[in-house]
Amino acid sequence: MNEDMKFPSLEDIKAAHRRIQPFIHRTPIMKSEAINQIAGCEIFFKCENFQKVGAFKARGAANAVAKLTEEQKKNGVATHSSGNHAAALARAATVAGIKSYIVMPSNAPEIKKKAVKGYGGEIIECEPNLMARETTLQEVVKRTGATFIPPYDYMDVVEGQATCALEMWEEDIDFDVIMAPVGGGGLLGGTALVTKYISPQTKVIAGEPAGADDAFRSFQAKKLIPMEGPKTIADGLLTSLGNINFQIIMQFVDDILTVSEEEIIDAMRLVYERMKIVIEPSCAVPLAALLKHKERFKGQKVGIILSGGNVDLGKLPF
Numbered sequence: 001m002n003e004d005m006k007f008p009s010l011e012d013i014k015a016a017h018r019r020i021q022p023f024i025h026r027t028p029i030m031k032s033e034a035i036n037q038i039a040g041c042e043i044f045f046k047c048e049n050f051q052k053v054g055a056f057k058a059r060g061a062a063n064a065v066a067k068l069t070e071e072q073k074k075n076g077v078a079t080h081s082s083g084n085h086a087a088a089l090a091r092a093a094t095v096a097g098i099k100s101y102i103v104m105p106s107n108a109p110e111i112k113k114k115a116v117k118g119y120g121g122e123i124i125e126c127e128p129n130l131m132a133r134e135t136t137l138q139e140v141v142k143r144t145g146a147t148f149i150p151p152y153d154y155m156d157v158v159e160g161q162a163t164c165a166l167e168m169w170e171e172d173i174d175f176d177v178i179m180a181p182v183g184g185g186g187l188l189g190g191t192a193l194v195t196k197y198i199s200p201q202t203k204v205i206a207g208e209p210a211g212a213d214d215a216f217r218s219f220q221a222k223k224l225i226p227m228e229g230p231k232t233i234a235d236g237l238l239t240s241l242g243n244i245n246f247q248i249i250m251q252f253v254d255d256i257l258t259v260s261e262e263e264i265i266d267a268m269r270l271v272y273e274r275m276k277i278v279i280e281p282s283c284a285v286p287l288a289a290l291l292k293h294k295e296r297f298k299g300q301k302v303g304i305i306l307s308g309g310n311v312d313l314g315k316l317p318f
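Using the UniProt record's numbering, the letters of the sequence shown map in sequence onto residues 1 to 318.
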């Protein structure tokens with residue numbers, strides 16, 4: 001365990017929240033009596049599916065761009081991402097009046113490429129594997145002098161993602177548990193930090209697909225185990241857990257629960273049917289975990305972060 005790593009403080013997270021105010025929505029918290037009855041507890045859904053770019057990623061990207069020096073801004077920003085971080089960074093850069101270079105795998109969904117272009121990002125395509133993404137990114141950074149903003153394993157991004165849970169705590173709800181999905185771990189890391197600063201007794205529990213369960217296995221083994229060949233409908237959670245986030249999770253997260261593909265689809269459908277809102281599969285994972293382990297949450301107040309709503313409607317699983 002790296003004892004020297006300095007995590008953002010509560011004051012840092014509050015400062016990030018003030019910094020990104022002009023660039024994000026304060027998303028609503030919604031409830032569903034029908035889902036509460038099924039779950040046997042009181043659930044408060046933090047609807048980041050209504051966030052700018054349709055996902056919580058807008059927070060981390062806005063914070064990272066806002067913290068750049070004037071010198072760094074001149075050459076713009078770069079990243080590699082096939083998903084929501086790509087769109088979030090392109091938008092944050094355009095709003096700040098700087099350039100963004102986004103390395104995307106050639107097989108990235110058209111809807112995601114359109115979003116990046118629409119937000120003013122310049123797409124550089126590469127072969128669909130991590131090595132190609134990283135080498136292409138290095139070439140772009142060398143050519144342009146742009147600052148690399150990683151999708152999740154980056155303190156400024158984690159600090160920005162933490163503002164989501166900060167808003168939940170500002171609602172004066174006495175949460176017994178707060179839940180988030182885990183992929184790269186930026187959202188979970190930020191959520192765990194802010195929750196343990198404000199309410200140490202509140203449990204922080206993650207949901208993860210069984211088909212991409214590197215965070216679960218790393219948590220159990222107490223060492224980082226990279227994911228190989230992940231397979232899940234929850235495409236936002238295919239990435240391996242980042243090192244910074246692993247350190248935060250080992251210190252501040254209480255448990256990680258895994259769920260099957262069927263359980264994810266059932267939870268996703270339940271939200272569509274009962275709440276009439278659009279969520280992407282990754283979003284449904286914490287609710288699926290809660291429904292699988294109802295006895296653990298019985299009668300409690302549970303906050304669940306609905307991480308995003310960028311789903312290809314032509315490929316709905318039901």
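Hints may be right or wrong, so weigh each one.
[Unchecked claim] Computed Cβ-Cβ distance ranges for the label pairs, DEER-style:
#1 ASP174 - ARG143: 49 to 59 Å
#2 ASN36 - ASN243: 35 to 45 Å
#3 GLN21 - ASP312: 47 to 57 Å
The set of hints was computed from the structure by calculation and includes no laboratory data. For every residue, glycine included, the Cβ atom is placed at its ideal position computed from N, Cα and C.
Right, here's what the structure says about each hint:
no.	hint	verdict
1	ASP174 - ARG143: 49 to 59 Å	holds (52 Å)
2	ASN36 - ASN243: 35 to 45 Å	holds (37 Å)
3	GLN21 - ASP312: 47 to 57 Å	violated (31 Å)
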